[in-house]
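Enquirer: Knowing the structure of chain A, use the given hints to seat chains B, C and D on it.
Protein chains: 4
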Amino acid sequence: MLSTRKSNWGRWGESDELGALNHLTPERVLDALRLPKTGKTYSLGIPIQRSGVPNLDYRGTPQRLTMINHEDEAMARANGGAPGVGANEDQLIMPSHTSTHMDALCHVYSDNKIYNGYPADEVTPYSGAAKCSIDKVGGVVGRGVLIDVAASKGVDQLEPGYVVTAADLQKALDDQGIELRTGDLVLIRTGWLEDYLANQGEMMPQPGIGLEAATFLAEKDVALVGSDNTAVESIPFDQNVYLGGHIVLLVENGIYLLENVNLAELAADRCYEFLLTIGALKITGATASPVTPVAIG
Amino acid sequence: MLSTRKSNWGRWGESDELGALNHLTPERVLDALRLPKTGKTYSLGIPIQRSGVPNLDYRGTPQRLTMINHEDEAMARANGGAPGVGANEDQLIMPSHTSTHMDALCHVYSDNKIYNGYPADEVTPYSGAAKCSIDKVGGVVGRGVLIDVAASKGVDQLEPGYVVTAADLQKALDDQGIELRTGDLVLIRTGWLEDYLANQGEMMPQPGIGLEAATFLAEKDVALVGSDNTAVESIPFDQNVYLGGHIVLLVENGIYLLENVNLAELAADRCYEFLLTIGALKITGATASPVTPVAIG
Amino acid sequence: MLSTRKSNWGRWGESDELGALNHLTPERVLDALRLPKTGKTYSLGIPIQRSGVPNLDYRGTPQRLTMINHEDEAMARANGGAPGVGANEDQLIMPSHTSTHMDALCHVYSDNKIYNGYPADEVTPYSGAAKCSIDKVGGVVGRGVLIDVAASKGVDQLEPGYVVTAADLQKALDDQGIELRTGDLVLIRTGWLEDYLANQGEMMPQPGIGLEAATFLAEKDVALVGSDNTAVESIPFDQNVYLGGHIVLLVENGIYLLENVNLAELAADRCYEFLLTIGALKITGATASPVTPVAIG
Amino acid sequence: MLSTRKSNWGRWGESDELGALNHLTPERVLDALRLPKTGKTYSLGIPIQRSGVPNLDYRGTPQRLTMINHEDEAMARANGGAPGVGANEDQLIMPSHTSTHMDALCHVYSDNKIYNGYPADEVTPYSGAAKCSIDKVGGVVGRGVLIDVAASKGVDQLEPGYVVTAADLQKALDDQGIELRTGDLVLIRTGWLEDYLANQGEMMPQPGIGLEAATFLAEKDVALVGSDNTAVESIPFDQNVYLGGHIVLLVENGIYLLENVNLAELAADRCYEFLLTIGALKITGATASPVTPVAIG
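Residue numbers (this note's numbering), protein chains in the order written: chain A, 1 to 297; chain B, 1 to 297; chain C, 1 to 297; chain D, 1 to 297.
So that you can see chain A by itself, here it is in the shape it has in the complex (with noise of 0.2 Å):
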């Protein structure tokens, strides 16, 4: 175990693949629907393209690809389409990790194991993840809390690399007058995604939390946790431990991560407490999904 705590193995049964979402009872929801106040209606999904947005080279570039258009009208026409009608489509190749997306439980494993000790070995190249893949999830509802830590720290953005500790994930909930409740779906903002859209400047390093902040978040038994930036922990890894925050939260304790989220308009309208709906694709077997995450505040 990573962090201090006993972890959330075993809590929801032997054969759980759903983790912190089991958070979400519908008392949870009804609760989280009385949030908004104003009916606006937040977006948190960036762009899915080929440049401009943070895309990690290794996984190849996000593509859309113009597979019909009007020059292919004579397929409407032997359909009987009339002449000056027919369809536009794409075919996409993109990672399930692309832009913003939400990780499944099976995304990561640690001492050969994904959450609640199913074996890493059971994602195969043909069928994808046996459990805890991404299809299992489904739709997320909750209340969705932003802790704007930049703002409380009074910058635009973190420093590259800052480490984000649980005093300052504390601060600015104070500074918000916001309490994590159990099954919370948690908007860390750094500041860095927007910096990085507006600048282009350089994908790492990337401030995020820490270990100790995850084992923050894991204790007030949240049920999600996201950030504007790549990997929700910083990049270099806190103490240099790989992949130590999704360890932490993901494998740990079947606390999903957000990735890449754009908080800019929920921090711009102070707009701490919000109900969060996020549909994650059904992709059978897949590791991740991307998502458009929508608020409303």
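What the hints contain is simulated information worked out from the structure, not anything from laboratory work. Computed from a predicted model, the values in this text were never measured in an experiment. Everything hinted at is true.
If chains are identical, the list can't say which one is meant, so a pair holds when it fits in one copy or spans any two.
In silico BS3-like cross-links for lysine-lysine, where the CA-CA straight-line distance does not exceed 27 Å: (1) LYS113 to LYS136; (2) LYS37 to LYS136; (3) LYS40 to LYS136; (4) LYS171 to LYS6; (5) LYS40 to LYS131; (6) LYS220 to LYS131; (7) LYS220 to LYS136.
Expert: Here is chains B, C and D on its own, set in the frame of chain A:
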């Protein structure tokens, strides 16, 4: 014009690319937030996978490929990973119009024009759609209404090829004691998808709405029409008008379409009014996005 | 061992990854250069396209997508292109084992080992095959020999599922007045592919060689065996040994396989001896390559 | 016309799609078969892989993904495979213009026309090129000639951006004691690719032929021009004419281009005349094909 009513072109300005989603004002969103009674979350997506779901041949099979698993742990080790630690990741190849998906307003054109009169030839191979692409949409939140035509007619599924009429819709609404309102996100149940998923029968023909029903919905000023079939409209097309339902709703009225929607659970619960949220992926220039719509009952 | 003969493991050294292509010495190449009599060039590949050719469902449909055409001329213009000047380019998605293709020695394993005893688990998702991948092959040049079994039996095509025997091969060779030599690149005609391309019938079953014929070819020390069918060997497999022909040739003897080869024109010309050249794509780590073999008669 | 000579449009008929490959008569092929002296086989392709080779960003990274390996052995077992028996297969995603590749005559257009005057707008997203696509080519066999400009100038590689002149070509030919003949497959060595592969320097600028050299080659009635660089022609383009070399050779004269050709070994062996064979993949409608050209010295 296929429909008998005035179109929505120009209604929200000459440069509008959002169409009927303009109806989704914060006030309507706040109203919709008051609908849920149970707090139950419904995930309305179907799987994205190589077979078993309605994949159209000409679009190519959606593929999830494992890009990295424990067998590539050397990559993690090279970055300082401890033995037994690593990541699982996928590469995705899929049509934008795969499984449960939301059509962008640029998806279909008629008289060489898409919604609001933009020219059809502004969709190019490399850049995609210049106007009304799916990335312009982002997050959708509103009042979801299920119109269970199959239940209203007392059948498990409508006959393959059956053309749903305006009277069918009105009768089902009456049976359910529901009225349509401006900006509604309407989901029409034919029962076809449940049968297809269960029995893997023929893809075509399919029941769906006809031209009159499409006009009826447009007159109600709904924002989106979804259905548990491949094209919302019937196949073969009503009155043999190729993509006629798409033309009435998408092209003439800027009303979005949602296809292959899983309505089984909502129907089983007789949940006819609900909060519906959709997070379309912000794929730059794309003509659709796979989605997992999330309803809260 | 499936075949009754000593395998080729170790024959060219413990670290050999080339297998029977070691037979293709410069002397044998010079001999092969003297074979052509007419100078006629034969292209032995079949099309790579979405339909009409034997595509196996589980591999996904090969797709050629236009990435850039004249509608993206703005890209050329931005780089100084004159009006009316531009480029057309594609993006390709296809299995390595598509249409006419050459199997690498790592393609099949038996007793958890590929050719020369390398462990089967050295093919990983991200890096592919560590040993005997197709990029180790490069260019193949040698004496091509057509064995027209269909013609020898006086039929257009062998019966679906027919298992070609060693005696069938010997009789056809005798009919043709040809003897096999060490290092030959042998192409066996069943007639199946011509019928399939012309009539678009059922993919399976298919005629092909059986275990005895495979052993016969291995004993002749040929370097490659191709056929006008999907697996060189018959489907269903001879004696129900799954991939038995692959095991005898590829695994035990390091003899390459060439599948879906178009032999119609060679057969029509009764061209039984020829120079054969194959340029396998140097796809790092791949288990096969689509190819267009070129014969000169 | 960019070149000062009459173009080849119409030379082989109004409906010709083959261009200068029409020169490759059986007689010329028989002549070429007499050239090899050593029987040594040269593989002129470079690897297709995610990095390390000259991949242009806008085309996306070529990806080889393992589709099936031993971890999916259950699939083999379900088909009757014995324990320890299975197959390894890949899925490929790559531009048609990747690594070593052959341009189809439809690749570039000028004055809105491709070779032989076919309209540029006959390349559509779904179907690709109606005319002069790479699948019309198939197998190429002829006299290969290496023109080692770098060696002729006594340098390892020409300066980045250097524009090779007609005089440079003639001097190198004279140094080598070689004359060009009708139908030759000419490979021009700049040394750039060897340096790039070894040192992973900057992709641009690159040495290559200029407009005058292109015209010189067209006047010699060669069938194909290849080079050890990305565009055959220099980058930046000679006289700032965007794709000028492509226009002279490909568009105006139907002379094929072969790019990123590995000429190191031929040059080291001073092998200036050889049999050259190229098997372009028969990708229906494609604008190019990755190839591994095979030379026999």
